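Read top to bottom, the protein sequences are chains G and V. Residues 15 to 1005 in the working numbering are what the first sequence spells out, letter by letter. Residues 15 to 1005 in the working numbering are what the second sequence spells out, letter by letter.
Just so you know, these hints were derived from the structure itself, not from any lab. Computed from a predicted model, the values in this text were never measured in an experiment. Please note that a few of the clues may not be correct.
Which copy? The list can't say, so a pair holds if one copy fits it or any two copies do.
[To be verified] Here are the simulated lysine to aspartate or glutamate pairs, EDC-like style, with alpha carbons at most 20 Å apart:
{"no.": "1", "residue 1": "K426", "residue 2": "D217"}
{"no.": "2", "residue 1": "K183", "residue 2": "E135"}
{"no.": "3", "residue 1": "K610", "residue 2": "E442"}
If you want the building blocks of each chain, they are given just below.
Protein chains: 2
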Amino acid sequence: MVPFRAFESDGDEGYASAAPSLIRVTGPALRLHANSTRRRPYMSPTKMVYGFGGGKADGNATMRNLLGGKGANLAEMATLKIPVPAGFTITTEVCVHYYQSGRKWPRGLDTEIQRAVAKVERIMGKKFGDPKKPLLLSVRSGARASMPGMMETILNAGLTSKTIGGLIKVSGNERFAYDSWRRLMMMYSDVVMEKAAGIEPKDGEGIRVQLEHIMEELKEKKGYKSDTDMTVDDLKYLCDVFRKRIKKVLKKDFPDDAQAQLKGAVNAVFASWMGKRAVNYRRIENIPDNWGTAVNVQAMVFGNMGENSATGVAFTRDPSTGENVFYGEWLVDAQGEDVVAGIRTPNSLRTKSMTPEQKKAGAVSLEKAMPKAYKELEAIRKKLEKHYHDMQDIEFTIEEGRLWMLQCRSGKRNGTAAVRMAVEMHRERLIKSDEAILRVKPSQLDELLHPAVDPSAEKKTSPITVGLPAGPGGATGVIALNPDTAEEWAKQGKQVILTRIETSPEDVAGMHAAVGILTARGGMTSHAALVARGWGKCCIVGCGDLKIDYKARTVTVGDVKLKEGDHLTLNGTAGRVYAGELPLLPADPERNKYYKDLMKLADKRRVLGVRTNADNGADSDRARKFGAEGIGLCRTEHMFFGEGRISAIRELIVASRNRDKTKAHAGRKKAVAKLLPYQRKDFIEIFKAMKGLPVTIRLIDPPLHEFAPSEPEQIQMLSHEVGMTSKELTNLLQDLHELNPMLGHRGCRLGISNPELTEMQSRAIFEAVATLQKKKIKAIPEVMIPLVGHTNELKDQSAIVHRVAKEVMKAKKVKFKYLVGTMIELPRAALTADQIAQDADFFSFGTNDLTQTSFGFSRDDIGTFLPEYLERGILPSDPFQQLDQEGVGQLVDIGIAKGRATRPDLKVGICGEHGGDPSSVEFCHRAGMNYVSCSPFRVPIARLAAAQAAIKFEHGELTKAAPARKSVKKAAKKAARKGAKKTVKKSARRK
Amino acid sequence: MVPFRAFESDGDEGYASAAPSLIRVTGPALRLHANSTRRRPYMSPTKMVYGFGGGKADGNATMRNLLGGKGANLAEMATLKIPVPAGFTITTEVCVHYYQSGRKWPRGLDTEIQRAVAKVERIMGKKFGDPKKPLLLSVRSGARASMPGMMETILNAGLTSKTIGGLIKVSGNERFAYDSWRRLMMMYSDVVMEKAAGIEPKDGEGIRVQLEHIMEELKEKKGYKSDTDMTVDDLKYLCDVFRKRIKKVLKKDFPDDAQAQLKGAVNAVFASWMGKRAVNYRRIENIPDNWGTAVNVQAMVFGNMGENSATGVAFTRDPSTGENVFYGEWLVDAQGEDVVAGIRTPNSLRTKSMTPEQKKAGAVSLEKAMPKAYKELEAIRKKLEKHYHDMQDIEFTIEEGRLWMLQCRSGKRNGTAAVRMAVEMHRERLIKSDEAILRVKPSQLDELLHPAVDPSAEKKTSPITVGLPAGPGGATGVIALNPDTAEEWAKQGKQVILTRIETSPEDVAGMHAAVGILTARGGMTSHAALVARGWGKCCIVGCGDLKIDYKARTVTVGDVKLKEGDHLTLNGTAGRVYAGELPLLPADPERNKYYKDLMKLADKRRVLGVRTNADNGADSDRARKFGAEGIGLCRTEHMFFGEGRISAIRELIVASRNRDKTKAHAGRKKAVAKLLPYQRKDFIEIFKAMKGLPVTIRLIDPPLHEFAPSEPEQIQMLSHEVGMTSKELTNLLQDLHELNPMLGHRGCRLGISNPELTEMQSRAIFEAVATLQKKKIKAIPEVMIPLVGHTNELKDQSAIVHRVAKEVMKAKKVKFKYLVGTMIELPRAALTADQIAQDADFFSFGTNDLTQTSFGFSRDDIGTFLPEYLERGILPSDPFQQLDQEGVGQLVDIGIAKGRATRPDLKVGICGEHGGDPSSVEFCHRAGMNYVSCSPFRVPIARLAAAQAAIKFEHGELTKAAPARKSVKKAAKKAARKGAKKTVKKSARRK
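Next up, chain G with everything else stripped away, as it sits in the complex (with noise of 0.2 Å):
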């Protein structure tokens, strides 16, 4: 029931206690101010308040820094000379230095806003605390980055015992008045006088619960079904008794005074801004918390004025298909919050797009009801595209027949939409290929890369319901029925679809969690719709049938009834929601034509070669139909864990612990001889599913007590095949047991004790080559060694490997290409890369433990401290997900530029976890790396993020120094002076 977007930045709660972790993250510079200015603080005598309307503003769209993405644009559309209620904006800078100096108003702030306000009174003609022509203001908060819902809100502000006799004989409107006074109360006494107070209710006995409670008491006393059917008594009774039990739960006078109501909402929106919710969601979106927030004042005009006002939120294209229509929803006679609180469900703005339920309950849209109205809006809609350049979410409210429009600002859409509209304004002209390529995150991608569900599937059942399609895809989960459960199954692995009659920004954190929502109640603009879009989450809200009954713990559809944990499937796309689990289909981007057509406007665009991790050949294969260019990391590990295999490897192990080395020598080359044409088979296979491209393929890695036995029988199974005892056995093995085996017997370390090995593995490479050339087919390998730390380590282990090549051709009678190159992970093999490039064809950054090594944290035990990291702040990301620029980066930068210094036309990639991290991929581009390879799924992704950082960097929007690049540049010149210059074209080139 709470309004959770009243025309965008409302809210509700929370934002008590947080303060000072604003402090501890802005850094000395803030900290010494804070610190130091104990007086009123100065501030610098730049302008903290930005005014609009009438056809004229102070700032425009590109000052969003400053005034909040909300100042911004309605100060362009005032001078764009759409119609905008006049106001002001109180710039970001204010809301800074509010927290810096404890809490107050910089000098001069008052009589700037006062100054202010006598202009919104000159262009609306009305007066702010007037008797007779009152203006009223809203007051909302408005930050760089969109934050929907997460800040507060205030309306009417202005109204007191002394204007609402003015109001109501300018409206001619006496309920109208009252009721807009009583929604002050409720909201201000909320919002200003408890949470800004910092006053912390119990659950359920909050101001604003207290004042709904009488107000629906009043109406179940008189029979009302709807807050419409309050009569102008029953308001002005409502208004008396608010006033009264606001006085006694808050001890306080609710302010009669328009200035002091100003003055509270003003700061009401800058204390939302470290509210607990707004704290929480830059945290999951990595806003950080020193920009603070705008707060937009406004004069208030009214879509509740009877019949021919109205209300509506609206976006200039379909921001779920991206398709290029006019989409959104109005209610007549109403205020912006009842379009999205699901109070009264709204209509489409179009006729033609009324769904048959519209037109059977006799629904109207706007462009028959108020046909002028929408011809204007038409006209704007078309105005702000062509102004913007892209697809716009604006507000919009009729008073009296009269448009207003109270927002405008680039609209979120999910993946599908936003590939769509990025190709299809490109064609319009609208926009050139880069910006397309540029407009669509890569994260977006993601969406189209999901699951659906099974179509044969779906056809042989029936959905239980149907809803409204707010995010695509397909979902499958059990159901947890609120936020917290959600997040606790997801934890335990569980994939689960929460379960909501409507979804809150307090849900946001289960959300997050949930493979996909599912909501009762509210519109394609409904909270739950948006968030789901933002992250491009299946999605299905509006299913009205839904019966969700919180206490049983049950979800009831007619006569469906499902408990709490039971299995749903959502066909996020189509709106449908299965009982029970039906089997969902892999993502096949490929049907999406406007996906075609987006990536290869990427892939023209790219400097960066996209590869893929994969060390089979089903997925070699997918990765190459999502546009993987080779493999740039084909574990082999994972290829000794089957049958036959594992008990080779165990001997192996055995073996190795002999202490005469002619007999481990002896006793290891018998067991990696059982292993050879197991893996001369897995690599024949991936070679023919890459058909021709590059495959690198890393020599073993993990110590080798991860193949040891440990279960009795498998013990003792061994024990007679090396013809040992139990018990010597079991001895043998303890001592594999390592303090700390990731620093541990592991990488190359194992092949220079072991060369058997190497050379196995090696052999399995080079024979499968031969085999594969002799029938014709193309492979290219590039020989990977692992956890090199010295040079000495790779000259030892490529001698080997140049051995066996060499080896194989003679007894094979055949040449082939093939590379020797290492892992640069470990921090010392980036310090002595130029070394190491002595013997080096390629560096593939192996950054998961370059991670671990440079911050001495181990990926598998972070997680006793690693959330209150990042929960408190100490860390910016999980260095695990997003390549720590700042530090790992350097480490990075030093090795390509130290490599390249030895060898100008060195190859370089990346194959830790981070190759498909979009962040992550525009550092590879800035470093100069050739290639970034990732998991199949995420090829796509970065294909696109490395367009856009090919792009960005072109416009210098890659901000931090590029030493490597340089470097390339110089070892470039360099190799050219010296004539070897189509080597290094080919390194310029990075392909």
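Assemble chain V onto chain G, guided by the hints.
Here is chain V on its own, set in the frame of chain G:
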């Protein structure tokens, strides 16, 4: 019985297989040669052979790299008009070339040798291979660094059936001629025909053993006691039988051609460079494989030509005490090898230094026996010391009354002697103070700091025997009768006394592993004595009444019979051997006035401060007495293990697992309150011991699970205390398990999760300071936050420390100074040191962990591969013992440069184990640190090493670039500009 030091660079076996390792470690430049040159290698037209003799020489003492130590000094002596048999040196470059070209001679070498031989012939008036006046030659190795006994020698080359007649005629001594011939056959067949040819006979079946056996049989048959008893006919008979046996066993005639003998001998010396023993010795002494050895070919002179011939070895000062007296041994009618082989016991040079035993046995000093030659020798002694400004180790032969010098070189000495000589030579104005400082290897001080046998315990018992005091200090341990056992037992952690009839170069590994060495035979210049002196190891030689039975594994002295494994105690300073285990007293170098003088010189010269790692009052006190200028690392975790403490820390562990944050906080607070008084007491003790010197206290570092109980009873006890069931507690403790604890929840991560711990430790420190201050005792605390990887971690923790400091000052009404700094022990910390320095007053490089993370080596787990890495030369040294300057050193340089860029006066130190390693101390100086910190016993070593580093740096001998030092200067300049002169001067002085 094998001569291991026949005039310094002979030796006897083992060089067959290791040659490829030269190729491996010499790097790409050499490899290129080896691969590309298949023809006889071209050698640049530099001089390959350097002649000397007749008062002239081609070379001189500075050409040691090219001519080896022996060759360079022979040339120098020749130029000094000191009588040296003429000869020539084949350069080390030839040896390097020899290995690069697959063991072939460079073009032109034969010719140069022929010319050089001709010159020797002219000077000596004899002809090589001439039947009338035959010239005989000695052929010996001679590397840049002395490798006593590790390589081969051939004497009497040129003696054949054609020349023996001439030798008899010229010498008038047929017995001597045949004795020389049989010696040549024994040596040559072994060294050239067997070993250099790569033949590997079974134990006891080598040609030398066979020939020796023949001779022993003859002597036995005839009832001879000594070799000198053999007649001309006996020797003729031996020569005949030897020739036949050689032919039979080695399937080759003994060469009867002078030129062939010379060529074979030269090759044998080259081959011995890659002999097993030489390679092993180089590993221990860190001598590069690619230096190569020179070959010295010199006219033979004979000390075995009768009663007016002699041979001897001497030191210009006493090498075991350093006293300024002529010290040496001689034998009449003998060749060099006889002096050291232990067959005959040599006599003193000087009459004064004759032992009572020698006098009793009727031995005569050289001074008395050959006064003219002795006087000449005394004059040469003085000439050499004045010329070389150092104690010389010389070898001489008197041939029929005529003195010939065969070798001179800087003499090896033990630590005690080195210190005394350095100080006395400085007093004598023979050397300057810088030179005196450089004269003592820092590791030699170790010896002065070594324990001695408790004199009071010695008084109460009697030694079972007394030998020659070859290595001072005391040692106690179990008897091991062969080197392998010694090594094995030492690995098991036992203290071992290696007890041998005599030692030979094969025994070095076992000698290295032992804490003490005891031999039955040999003098102060024997192999055991030399080697032990080099290493500063406790050693007693020549205990003649020690009967060692290798078969029965027993040691008998009179009626005392000991078994292998029984305890023995050595007083190496007095030469006394005790059965059983006597208590040892810790070293007290302060009683040594020479040591004190040397340290005074060093302290004046060094720039680096020297602190100690200590975490209790006793250690702190000792370290301060050793010269520590503060504590660089006071670990606090050991303090938690005491009674009362451990249960409190366990309560904290349990509390910290509480999911309810408020309860967790309360529980931890309660637990740390119990720890506070203990910690405060600890700190008071340490501060008191350090008497106002700064104390760097590291907050708790190891993961908490190290304190968790593991025994069921302990768990049950704790479960009572915390009110849980044993099962619950067991589950909770299991959750603490980490896969890689080294990279887990430790260091500052603990303080961030448990701020109460940081708070308690800070409070204990500051309350200790306050308590002492009230008693007028000065205490300077430096609080160190461990394992910082991100600047925010330090911000978080230092904020707590600063707050507590303020609180304590307020509560106790005192003011005190303190610093807050951090360990730099993670690569990321070094890379982002500019940010971290914002909140750090000092950095202390924790190079143990920095090495672990840079290499990705777990120190606990390297046993599985590091020994092989070192053996195969994949790593040049153990990076945990010697700082890896090439890799880890870069991070140190980066960390210092970035840290000082932010904070020019940043104090920087090191507190890893490397702080006491001389080469690492050099690095620290170069890097511009303020101090090093090491264990108490290494403090004097670090003081000396720091002084040497300062001197070497000034002379440009620390070759690596010094970015950090530059940055210090830069920063100093910058700060000076700002007027912060005082601070900077302080930092530039690095106190």
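Hint check:
1. K426 x D217: neither (33 Å within a copy, 86 Å between copies)
2. K183 x E135: Within one copy, since 18 Å is at most 20 Å while 136 Å is not.
3. K610 x E442: Close inside one copy (17 Å), not across copies (90 Å); limit 20 Å.
In this structure, only the earlier hint numbered 1 is contradicted, and the remaining ones agree with it.
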